[in-house]
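Asker: Here is what each chain is made of, one letter per residue.
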Amino acid sequence: MSSQLLVSGVIFGLSLASIYFLISIGLSLCFGLMRIISLDQLLYYTVGAYLAYSVSVATGNLWLGIGAGVIVAAVLALLIERVVFRRIYERELTFSMITSFGLLLGGIGAVKGIWGVVPRPVRMPFDDQINLFGTDIPVYRLLVIAVAVLVYIGIWAFLNRTIIGKAIRAGIEDMEHVEGLGINAARLFTITFVLAGALSALAGGMYAPLIMVDPHMGLEVLAFVFMVVIIGGLGSIKGTLYSSLLVGQVVSIGSLIYAPLAIMAPFAMMMLILLVRPTGLFGSALAK
Amino acid sequence: MSNILRWWSGIFIAFAALWAAHWVLPLPFMNEVVVFSIYTIGCNFLLGRVGFISFGQPAYLAVGAYGTAFYLYYFGTDPYLGMLIGVLAGMVFAMVVGLLFVRLRSDYFALVNLALAVIIFYMLQKVLAEITRGDNGLWFLTNIASSGPFNLTRPIQFFTFAVLMAALVWALYKYLDDTLFGACCLATKVNETKLEFIGYDNFKIRWLAFVMANTTTAFAGTLYAIYLGFVSPEMTSPARTADPVVVTILGGVGSLWGPLVGTLAYTGLRDVASKFIGNWELFVGLILVFIMMTNSVGLYGTLEAWARRLFQKNAAQENKA
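Protein sequence lines, in the order shown, are assigned to chains A and B. Oh and the first sequence: position 128 is 128 in my numbering, straight run, nothing missing. Oh and the second sequence: position 242 is 1242 in my numbering, straight run, nothing missing.
One chain only, chain A, in its complex shape (with noise of 0.2 Å):
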């Protein structure tokens, strides 16, 4: 393999992982507090997605339409917290799963009902490209790699030097004694559920100059973002960083050695990682 085809295929994987990481972080997120799947994030990524393509259809402005994205998709995952989830957080896992498939079937409906079935190309703001190591790289991609950056960064701040980021990482260890404290659980559930929703729509709307935006594209994702979580632990946000840059650069590099293997190399990852570790990486041995 020639080192140009690795390079730009390390830069390919690596803007994979930063899709992957944000929109898992917000999965994980919602397990590690609530104890609750939420598939439902893939909607808002889907969401954000798309109103990244009509906005920046009408304005011209992408950075527009991501912000509009992820703005509705927090509104929208504040009204489904509020009506649908609030109800189940006592309930088992299997609950919370079922609830959010639905959601996030009736929503690809909604989204098949508003937007059609076409897939939708989305421009790019720009198309310079770079030169990186004598391999040409476009800079979108870059910038995409520098905003889950950022997130990272963000993310770490929050949870470490804000009083509601410790809170929520307290909540991870033992939600009881932080309610106990006379800290509000429900409204530490709500931050976190709409910030994830929140990264979800960024992912999409972020994603979608590179990719064409179609109702599906949420279930498209859907499986590499479930290894990710599984791989990195359900819960732990360092595993999800490490697990999304391994899914990145397997899907990215088997894909460039034998097309298939993007699909089923981090499966079969996955799966003996599950042999030897049944809870993921970084997962914690809690109870069911």
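Hints are computed from structural coordinates only; laboratory data are not their basis. Don't take every hint at face value.
[To be verified] Label pairs and their in silico Cβ distance ranges:
id : chain 1 : residue 1 : chain 2 : residue 2 : range
1  : B       : PHE1311   : A       : LEU78     : 44 to 50 Å
2  : B       : GLY1010   : A       : HIS177    : 50 to 56 Å
3  : A       : GLU179    : B       : VAL1024   : 54 to 60 Å
[Stated by the list, open to error] In the DSS-like style, the derived pairs of lysine-lysine whose C-alpha atoms are separated by at most 27 Å in a straight line are:
id : chain 1 : residue 1 : chain 2 : residue 2
4  : A       : LYS166    : A       : LYS238
5  : A       : LYS112    : B       : LYS1275
6  : B       : LYS1174   : A       : LYS112
7  : B       : LYS1174   : B       : LYS1189
8  : B       : LYS1204   : B       : LYS1194
9  : B       : LYS1189   : B       : LYS1204
Just so it is clear, the structure is predicted and the values come from calculations on it, not from any experiment. Think of the CB as a built atom: it goes at the ideal place given N, C-alpha and C, for glycine as much as any other residue.
Dock chain B against chain A, hints included.
Answerer: Chain B alone, transformed into the frame defined by chain A:
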């Protein structure tokens, strides 16, 4: 003897009624209902008896269907042998996958299973496209021989055969409920520590239950293949992974008749709804969320409660008189 008769009578009446329904309802609809209900009972068993939520059922359905399809498309013509091959393929697949999967915690199990279904979908659609013909699917209706006790190429004879098979599957699951194994399955859902303390192996019980349920699902897959004479990756597409779970919950989780009632309602609703609204996903999603939110016991549970109340009222009146 009378015990055996009573044991069978419920199944006999239900499936005789189901068979008779083809005089009233269109035959393609009834065929769909029968095969889909076999598809659902595996999921129902996993969810209701073992406590595994499986969004990956389409994977096993597809393995069964493609097992049959490969035989009928490339090698032979005997539909019965094709079915056997499909079921065996599904069983072996479930045995291998089960070894890896049933060790996982229920949340990981659900996620991994769904990932498996998506992987199988991409394999059938892209990776193995040379032998599966990708999205075009395999067509082999004309390859199916019309020999054997039932001429499976004719819808009405296929229907009779499918109803017979469904009755046998139901008898099997009804029998399982009475056995030690069935009790163990329920125990592993409710309290695995206690079960292990008594001396049973949770892993073995779960694995056996997993293989059983998914072999049933693969059997439904082979029936689909023979009935339609056609398979395509569409059957395991990510948008359809929830179908059996929706039907299971709609019908009532864990009850023997839930899958049948649920399938009737779901298929009926789908046929009616698709005439008025083209947006199927929105509809399924809303049903799913609605049922979960109202915390319902499913259609069968509701019907059963009604029937019981009705009978009790009648009995009370008779007592007074």
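Asker: So, for every hint listed, does it hold in this structure?
Answerer: Here is how each hint holds up against the structure:
Against the hinted window of 44 to 50 Å, the Cβ-Cβ separation of PHE1311 (chain B) and LEU78 (chain A) comes to about 48 Å, which satisfies the hint. In this structure the hint that GLY1010 (chain B) and HIS177 (chain A) lie 50 to 56 Å apart at CB holds, the actual value being about 52 Å. Remark: the range hint 54 to 60 Å for GLU179 (chain A) to VAL1024 (chain B) is upheld by a beta-carbon distance near 57 Å. Between LYS166 (chain A) and LYS238 (chain A) the CA atoms are separated by roughly 16 Å; this keeps the pair inside 27 Å, and the hint holds.
Simply put, LYS112 (chain A) and LYS1275 (chain B) have alpha-carbon atoms about 17 Å apart, close enough for the 27 Å limit, and the pair holds. Proposed proximity of LYS1174 (chain B) and LYS112 (chain A) is contradicted: the alpha carbons are some 42 Å apart, above 27 Å. Annotation: proposed proximity of LYS1174 (chain B) to LYS1189 (chain B) holds, straight-line Cα distance about 18 Å (limit 27 Å). Distance check on the hinted pair: LYS1204 (chain B) and LYS1194 (chain B) sit about 15 Å apart at the alpha-carbon level, within 27 Å; holds.
At most 27 Å may separate the alpha-carbon atoms for a hinted pair to count; LYS1189 (chain B) and LYS1204 (chain B) meet this at roughly 13 Å.
The structure fails hint 6 only (numbered hints given earlier).
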